[in-house]
Structure formats: structure tokens, C-alpha cells
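Place chains A and S on chain Z using the hints.
Residue numbers (numbering that gives the first Met the number 0), protein chains in the order written: chain Z, 0 to 356; chain A, 0 to 356; chain S, 0 to 356.
Here are the simulated SDA-like cross-link-like pairs (lysine to any residue), alpha carbons at most 25 Å apart as the crow flies:
no.: 1; chain 1: Z; residue 1: Lys333; chain 2: Z; residue 2: Met0
no.: 2; chain 1: S; residue 1: Lys301; chain 2: A; residue 2: Asn141
no.: 3; chain 1: S; residue 1: Lys283; chain 2: S; residue 2: Arg298
no.: 4; chain 1: S; residue 1: Lys301; chain 2: A; residue 2: Asp26
If you want the footprint, here are the derived chain Z segments under chain A, 3+ residues with CB under 8 Å:
no.: 5; segment: 46-55
no.: 6; segment: 84-94
By construction, these hints were calculated from the structure, which means they are not laboratory data.
Where is the CB? At the ideal position from N, CA and C, for every residue including glycine.
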Amino acid sequence: MFVKNVWYIAAFDNEFEQPFVARRLLDVPVIMFRTSDGVLAALDDLCPHRLMPLSSGKRIDDELQCGYHGMRFSAEGHCTCVPGQTNIPSAATVKTYPIISRHGFAWIWMGDPTLADADLIPDMHWHDSPDWAPSSGYHHINANFTLLNDNLLDLSHETYVHHRTIGNGEELSIAHYPPEVTTEANCIVRAHREMPRIVPPPFFSMTLRHEGLINRWQVAINLVPSLNITVVGVHPVEQDRASAYIGHVLHLLTPESETSTHYFWSFIRNYRLDESDLTEIIRKGIASTFDEDKIILERQQKQMEVLGRQVPGVAIRVDEAPIRARRLLEQRLKDEQENPSYVVAPPALIPEYSYAQ
Amino acid sequence: MFVKNVWYIAAFDNEFEQPFVARRLLDVPVIMFRTSDGVLAALDDLCPHRLMPLSSGKRIDDELQCGYHGMRFSAEGHCTCVPGQTNIPSAATVKTYPIISRHGFAWIWMGDPTLADADLIPDMHWHDSPDWAPSSGYHHINANFTLLNDNLLDLSHETYVHHRTIGNGEELSIAHYPPEVTTEANCIVRAHREMPRIVPPPFFSMTLRHEGLINRWQVAINLVPSLNITVVGVHPVEQDRASAYIGHVLHLLTPESETSTHYFWSFIRNYRLDESDLTEIIRKGIASTFDEDKIILERQQKQMEVLGRQVPGVAIRVDEAPIRARRLLEQRLKDEQENPSYVVAPPALIPEYSYAQ
Amino acid sequence: MFVKNVWYIAAFDNEFEQPFVARRLLDVPVIMFRTSDGVLAALDDLCPHRLMPLSSGKRIDDELQCGYHGMRFSAEGHCTCVPGQTNIPSAATVKTYPIISRHGFAWIWMGDPTLADADLIPDMHWHDSPDWAPSSGYHHINANFTLLNDNLLDLSHETYVHHRTIGNGEELSIAHYPPEVTTEANCIVRAHREMPRIVPPPFFSMTLRHEGLINRWQVAINLVPSLNITVVGVHPVEQDRASAYIGHVLHLLTPESETSTHYFWSFIRNYRLDESDLTEIIRKGIASTFDEDKIILERQQKQMEVLGRQVPGVAIRVDEAPIRARRLLEQRLKDEQENPSYVVAPPALIPEYSYAQ
Numbered sequence: 000m001f002v003k004n005v006w007y008i009a010a011f012d013n014e015f016e017q018p019f020v021a022r023r024l025l026d027v028p029v030i031m032f033r034t035s036d037g038v039l040a041a042l043d044d045l046c047p048h049r050l051m052p053l054s055s056g057k058r059i060d061d062e063l064q065c066g067y068h069g070m071r072f073s074a075e076g077h078c079t080c081v082p083g084q085t086n087i088p089s090a091a092t093v094k095t096y097p098i099i100s101r102h103g104f105a106w107i108w109m110g111d112p113t114l115a116d117a118d119l120i121p122d123m124h125w126h127d128s129p130d131w132a133p134s135s136g137y138h139h140i141n142a143n144f145t146l147l148n149d150n151l152l153d154l155s156h157e158t159y160v161h162h163r164t165i166g167n168g169e170e171l172s173i174a175h176y177p178p179e180v181t182t183e184a185n186c187i188v189r190a191h192r193e194m195p196r197i198v199p200p201p202f203f204s205m206t207l208r209h210e211g212l213i214n215r216w217q218v219a220i221n222l223v224p225s226l227n228i229t230v231v232g233v234h235p236v237e238q239d240r241a242s243a244y245i246g247h248v249l250h251l252l253t254p255e256s257e258t259s260t261h262y263f264w265s266f267i268r269n270y271r272l273d274e275s276d277l278t279e280i281i282r283k284g285i286a287s288t289f290d291e292d293k294i295i296l297e298r299q300q301k302q303m304e305v306l307g308r309q310v311p312g313v314a315i316r317v318d319e320a321p322i323r324a325r326r327l328l329e330q331r332l333k334d335e336q337e338n339p340s341y342v343v344a345p346p347a348l349i350p351e352y353s354y355a356q
Numbered sequence: 000m001f002v003k004n005v006w007y008i009a010a011f012d013n014e015f016e017q018p019f020v021a022r023r024l025l026d027v028p029v030i031m032f033r034t035s036d037g038v039l040a041a042l043d044d045l046c047p048h049r050l051m052p053l054s055s056g057k058r059i060d061d062e063l064q065c066g067y068h069g070m071r072f073s074a075e076g077h078c079t080c081v082p083g084q085t086n087i088p089s090a091a092t093v094k095t096y097p098i099i100s101r102h103g104f105a106w107i108w109m110g111d112p113t114l115a116d117a118d119l120i121p122d123m124h125w126h127d128s129p130d131w132a133p134s135s136g137y138h139h140i141n142a143n144f145t146l147l148n149d150n151l152l153d154l155s156h157e158t159y160v161h162h163r164t165i166g167n168g169e170e171l172s173i174a175h176y177p178p179e180v181t182t183e184a185n186c187i188v189r190a191h192r193e194m195p196r197i198v199p200p201p202f203f204s205m206t207l208r209h210e211g212l213i214n215r216w217q218v219a220i221n222l223v224p225s226l227n228i229t230v231v232g233v234h235p236v237e238q239d240r241a242s243a244y245i246g247h248v249l250h251l252l253t254p255e256s257e258t259s260t261h262y263f264w265s266f267i268r269n270y271r272l273d274e275s276d277l278t279e280i281i282r283k284g285i286a287s288t289f290d291e292d293k294i295i296l297e298r299q300q301k302q303m304e305v306l307g308r309q310v311p312g313v314a315i316r317v318d319e320a321p322i323r324a325r326r327l328l329e330q331r332l333k334d335e336q337e338n339p340s341y342v343v344a345p346p347a348l349i350p351e352y353s354y355a356q
Numbered sequence: 000m001f002v003k004n005v006w007y008i009a010a011f012d013n014e015f016e017q018p019f020v021a022r023r024l025l026d027v028p029v030i031m032f033r034t035s036d037g038v039l040a041a042l043d044d045l046c047p048h049r050l051m052p053l054s055s056g057k058r059i060d061d062e063l064q065c066g067y068h069g070m071r072f073s074a075e076g077h078c079t080c081v082p083g084q085t086n087i088p089s090a091a092t093v094k095t096y097p098i099i100s101r102h103g104f105a106w107i108w109m110g111d112p113t114l115a116d117a118d119l120i121p122d123m124h125w126h127d128s129p130d131w132a133p134s135s136g137y138h139h140i141n142a143n144f145t146l147l148n149d150n151l152l153d154l155s156h157e158t159y160v161h162h163r164t165i166g167n168g169e170e171l172s173i174a175h176y177p178p179e180v181t182t183e184a185n186c187i188v189r190a191h192r193e194m195p196r197i198v199p200p201p202f203f204s205m206t207l208r209h210e211g212l213i214n215r216w217q218v219a220i221n222l223v224p225s226l227n228i229t230v231v232g233v234h235p236v237e238q239d240r241a242s243a244y245i246g247h248v249l250h251l252l253t254p255e256s257e258t259s260t261h262y263f264w265s266f267i268r269n270y271r272l273d274e275s276d277l278t279e280i281i282r283k284g285i286a287s288t289f290d291e292d293k294i295i296l297e298r299q300q301k302q303m304e305v306l307g308r309q310v311p312g313v314a315i316r317v318d319e320a321p322i323r324a325r326r327l328l329e330q331r332l333k334d335e336q337e338n339p340s341y342v343v344a345p346p347a348l349i350p351e352y353s354y355a356q
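So here's chain Z without its partners, still in its complex pose (with noise of 0.2 Å):
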């Protein structure tokens, strides 16, 4: 089950340097590009006449042509040419559905589409502002998008997953600091975590070029469905808040299908905004504590259908934004259930407390 009524990550931007974007979403293959006036495009990937993905073709011009029998179909879905003929069966089209580009990526929209307001897409404009620098990638993940949202929701994991990168070993730093949990908005969970005066992980003494002992603060926040932001902030103890360096990594996930997701991730901090190698050290350090979060959920996913049971079997003190999460959830897809207009209007997910002390 999936919320349909909500604008959803498709690409980033810069994949339409391709013809085109061929991808499942909520389990529905779309074929997607940007048409020579600037705009996107998206569309139903299957030719109505025999089934063919649109992306075993090419795409002329403006125009998706199937590779089969050559028919031909406009960015609106209408088939504008079948090869032998000039009349067009009326019922030759493609099912569009609403995109834009917004903030470096593209929003799709699966739902209906008359109620596809622009307006609903959520604030991500640090990924393509002047004032911080990203480094991004993708993952492809065999698990259901909620058990990536638990993950997200739920930092204590960091001291056996990751180990060697983000987490730092020291099971008490992490563990023993228990978030403050909030929820806003009936679609935002909020996990608040401050870890004063502890040894740099890994991953931040290189950052800080600093070895000293650290503040840390964390925030990991979910927007319903499948949005995900932790803010990362930390100082040496001798130095004040508003010196931090902050960094915003947006987890932005979307269905693949009810066992899998798109994991589209960017890291975005506000210092060293000009070291392009720092850009991309980080990119490769997020890259593998994701490829270290991959194993564990995939592991996760195949563990529930293998024993058809639910997650968490026993919930302890951890789980709690990640339930408080999962029941905003359920109680957005029983709304969209019982009214198929229904839509929310996301709030800004991060106050501007966030940034200084």
C-alpha cells in the first residue's frame, strides 16, 4: 500500500542529460524526459499495441517511437503516428502523469491528477542553493520503504552498523543518549538527540580536521510517507554553536515496489563549500555506510517473507519514532482511503533552532 496523493523524488535532475529515464514507481514502470522546451515529461512505459516498454524504442525528437511496429506517441501520451495507416485508434495512448523539476530533482505525482498543486512539493532547497555545497548519489534497496524509515528514525544503530565510518564504537556515546521524540502536523516525527563532550567518530574528526572531543547533536525527521532529513551538527567543545558544521542529509525515498526502494540521497553541509575533493570524499563515505545500511535491510526484507511476520517483534525504547512514524502512516493511507481527495500540505521540516545553539 502506498500514499498516491503526494508528490514523490522520480530522478535527479541531471539523469535527463539521458534520451530518457526509464524507472518503476509505486509498481508502475514510467518512462520519463525532458522535452526540448525545457519541461518534463512522464509517461506510462508500454506501448498500448503489444506491450512493449516505450524504453526498448527511442525516443524522435519530442516523441517516444516503440521498437516493435515504429508507433509513435507525444509527451501528452497521444499516439501520433502507427506506421500503415493514418487513421489513430482512439484507443492508442499513454497514461502521463504530472512532473516537475524542482530543487535539483524531479516530483512526480502518481495519484490523481487533478489535485497535483505544485505547491505540495516539500522545501528541499538546500540541494541547489549557493549558501551549501551537496555531494549526492542513489542506492537501489530490496526492503519495503518503512523498514528504510525505521533505519532513519532510529540512530542508535549507527554503533553496530557503522562502526567503522559514522558510528564511533563506543556503545554508550550513542546508545546511552536518548532522543527527545515529537510529532507535528499528524506527518512529521521529529528524534532530537544532543551528545555533548564525546570522542569524534570517524567520519567527523576528518571532516573538523579535529581530534579532539566534540559536541554532536542529531535530528532525524521523517515527513509522511517516505521523506527523510537528519541534520548532523558538531564543534569542538571549545568552540560555540553557531561555528558548527552542519550538514542536512536528505534521504528522499521512493516505492520501487511493495520490497523495494529508490534511495535518493544527498549530503549538504554549509563549510568548505569550495573543496570539491571534500565533495566527494563525503559522497564516498555516505556511499558506503548506505551500502553498510543496504545489507542489514535487505537482510530484514527477505527475514519477514521468509517468516511472514511484522517488524518490530518485540519493540524496545529505539522504536519509538520509528512506531510513531509507522502510525501516521497508516492513519495518511486510511485518509487517502476514505477520501481520495485527500492532501497535505507539508510544513517546513527544519526550524531555523536547528542551526545554533
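The following block gives chains A and S in isolation, referenced to the frame of chain Z:
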């Protein structure tokens, strides 16, 4: 669903230089061999004792010996030896199928054996005639045979699927010469197309050794359920039709299962008969062409399975012959279901007027 | 269906030099380790929190730590630590299984733990006796264990399956010496065969260092549900039976699932005890022989699944012992179903008269 009371191709004759040939036909695993008397035998590929394929054992003289306990079976399916005992259990028999060698092929009858009349074998004499030269091969296709029938009866796909080989990249030249489609004797569909004064596709300019305009004609013929012939004629516009280079392309399909097909093919020409180099060039060219079809057909089959839908989803003009053949096939299946003794004597597939103006 | 109230082999003792062994037994994933006290522990390989296999985490002292959130479990299955909280949820326990080290094997009891009496462990003392020398190994077989029982109780297949190793290629020598089959104590089947004055198969002429005629005897023994021993005796015809080279081949089967089996084996000999080269030659020879069986058994399993049929389809004389063992197994399953406390104390499997004339 398969038509049962009909002769299918089981193998090329020359495959029987091996001790035996094992192949799944109409979902039945069959083992076949040529006895020392020169006649063919076909049995279920299954030892009745412990269900081992007989093809996992070995052939000893004109008998098959199971590889587990050494039980032996004759070409007639009788058990001739059970090691360790002298009496033979009456249930220790293996089902046999009528199988006949003709025109260089092994023809098998999977239906009621009492109806297996050799006179019902269609005429494919060109395949072993001194007046014709064959280039033969085999493709295994993971698609239902009806998708191959569709493909072979609708040659408009050549422009898009085979633009590197037999299609010529000029959409108008093929797609805009609609074929004349006729039905005959409730078991044959023909789609006949004349293409006068066209630029020769690469394959034909190579065989004709001629770069100028040509006259070309094609007749796609389907005999229910799964034998197809494409008659291809070409000659330079300066010459008359009686001098044409003619090819009969036999596309002899046998269902392996509901989702896979044995595709025995042979391109038979009436020109440059003694040139074995040309025979090999044609064989390679045809094999590459059918590799292109294989990709399309298997993708279509997979799409049908994933989507749970039939083809064509929307019918266009090029579907006329395929749809007629599908209707004849459905009627034949119904006839056989209503009358288990129903058989059809196939008329001649290629009339004399195919050879000249 | 599996007999539950019985001791199965879970591992060789020497596998516990590793921190832990994870293995699916009777369809249950189990993790096992030897504690610092030297005793074995066996638990469900499953963290109750998020269903992760505990074998994806690590062992810390005598506890298992989950690799996702660091929860720890003792050898008794008690949760001893939940990072981030001091109270332990009462549901956070892991099921344990009785497990005992004996004769060089780890024996596990997957049934009612209150019935797990160590006296019910069958005698396999040769495996760690100074009077015998073992050559041991393990095969994973993708087939139900009853197909292995069948195979081991019917040694006539050696002629056809193992003609390169223990079979001798002379069909008459083995197949025509029918075994005497007896049943004992409702849980043992024996098939005893004497083969006087035969040409030695390659394996035996190698171990005996003798090319002339030999006397050979075999006793195939099955203890319900899945322990098998083959007693093999050979001596040159010129010598008497008391001098025979005797091997006890232990084939100790544990179902992994309905369609796969753990095959722990050990060839134990009473001759040339100190020759470690011979131990290794025998180990390699046996491994190759069982590779041949693996092919046959897995093909048979696959055929049964594809065809939806049971074996034997037709019974022949060599099936006498296998069919008797299948009947005892069915009776045992029925007994256990009717009386969940039903257990059987296994009698001695190899009587003294096996050793000499």
C-alpha cells in the same frame, strides 16, 4: 493449450548422428533416437521406476538404460531388463510417440497415436531437394508460439526490429505497402505484399550483388497451428520476374511449453546453389536477424506475464493477418476439443504463382 | 514431515573451533556455539526485535550480539542487554534446543525438550575410538532425506552410478547377489549381501593393495528416521574373514528442509590406522563417490517436484529394503503424532557377527 493431433517438428534429421536427442515438446519431456534399422523412435524421457530422465542414462544398442539402476527399455517402450530379477513388472513400460523422418526433419505426433497418418505431414520438400539450397538453424525462444506466429505474419516490424539486416531503415518502403490478407481451407492465412522499385536492404543487395532499385515481394504464410513460410522474391527492376532470386524461409515452430518455443528454421534459395560460402553467409545473417526477434518476443512474453494481459492490447492494421491466424487456431482447438478425432489434411502451402509474375 | 523427538546430528564437533555455526535444521534456522565452559548451546538464529539472524551479528564472550541494535543474548536465550535502556522486555527471549557433544558429533533435539534424554543418542563410538580411523566429510544435498535413505539401502545402484569408484562395472557381480533384508525392533532395516570371489572394484583393490579375487560383504543399515551405516568387509579369497579390512560408513542425515538434507559422513576403517595419506585418499574417494550420488538424488528430487509424483513409481526387487524403511518411518511419524511423548531407544546398530565369519 496446444493442438495435439498434428505433426510437429521434433528435430532436424541430422541431429540423430548423436546417440539420442532429448527435448521437451508440448510440455512433455521426450527422448528420441534412430535405431540401427534407420527408423526413428520417441519415448517419454522418464524411467517409470524412480522418475529419472532416461537421457541421464545411456543408449546401449537400440535400448535406453537408466543411469540409476540399469533398467533397460526398447524403442517400443518395453522394459527388457531389470537388474537383480528375471521377471519384468507389467507396469514397467514407457509411453511412445509416432515419429517419422521426412524432408530432412523428424516429425512427431503428440496426440492420439491411432490418428497419426503420415499423409498428414505438410509438404516441405524444398528442404532436401537438389533444386534448392538450404541454410538452416535453431533458436530457443522463451515466448509462446503464437507470439512468433504474430511476428512472422506481420512483416512490417522489419523496419524497426531488423533495420540493420533485412529491414531497410526507410519506414515508408515497407510499412506503407499494406499486404493483401487471405484465408484458405480454414487452416491457412496468407499475407502477400508487392514492393516495386525499392532501394534494396543490405541483405538483398548482398545476395543479388546489385545496388540499384529492385522489385520485391513477400508472402507470409501460416498453417495452423505453428508452421510458417515466408516466400521472398527479389530481382533488379531491369530484369523480369521469372529471373527472380526466390527464398522460402521455413519457420517451423514446436511449443516446448506455454511460454517457450522450439524454432527450427531454414532459408531455402533457388539461386547460386553450389556456393557453400553464400549458404554460410545466409545462415549467419538469418541467425542474427532471428536474434533480434528473440529479444522482442521474449520481452513481449515477459510483459504479458507481469501485466496479466493479452496481445494485441490495441489492434492496428498490421495485426490483420495475425488476428485471422489466432481465430483459426482458436477454432481448431475448439474443433479438437469437441471431436478428439479431428484432424486436418494440410493443403499445399506455396502455389505455383509464387514463383513468377 | 519430520520425526521431532529424536537426536539429529547438527555438526561435527570440530566445527566449533569457529565462534559459532549457523545451520537450518528441520526448517528451523539455528545458531550453535561452544561456551567457555566447553558445553554446547543452540538457539533460534533470530533476534526477536527486528528478526535479524543472530549469525549476522557477532559473538562476545558467551553471548550473541545482534548486528543491528546490539541486543545481547546468553546461551540460555535470555536477553542480557538492550542498549539505551536498563529494563529488559520479558518477550525478548530466544528459544533454545538441547544439544550434546558425543562421539565427535553435536547432537541436537528439535522436539519436546523435556524428552531429550542423552541415553537416546545412538552408539557411533567408532568415530572417536583409538581402534578405528575416520575419514569424514559433509555434502549438502538438494533432496528430501528419504531419497538418501532409499539410495543407501539399495546398493545395487553402485554398478550404474559409481562404476568409476566403488561399483565394478560388472553388472552381474553386484546386481545379481540379492541382499537378505530384515527388520528389527520397529526402527531398523538391514540389507545384507555376500559377494564371494569377485573382481575387486578400483577402490578396494587400492586399499587392499590386491588385484586378485576377493570376498566382499555389505550390510546397509537404516535407523529410523535418518541414520544409516554401511558395513563393508573385503579380504583376498586366499585369506580368512577374521583378517578382513572392515569399514563402517556412517551416513548421518539431518533434514535441512523438505527438499534438502545435511549429509554428515565418515568412513571408519579397522586397518592401516596410522596412515594419514590413506585417510586422505579415502576421504577424497568417498567425496567423489557421494558427488555422483548428489547428481542422481537432486535430479530425482527435481523430477518429483516437476511431475508431482512419488517414488518408486514402479517397485522392483531392489526397492525391498527402501520400502521397508519408508514404512517404519511412516509408522514412527504416526506414533509421534498420536503420542507427542513417543520416543524410541535405539538398539545397537552393528552386531558383533559383522566383524568376522
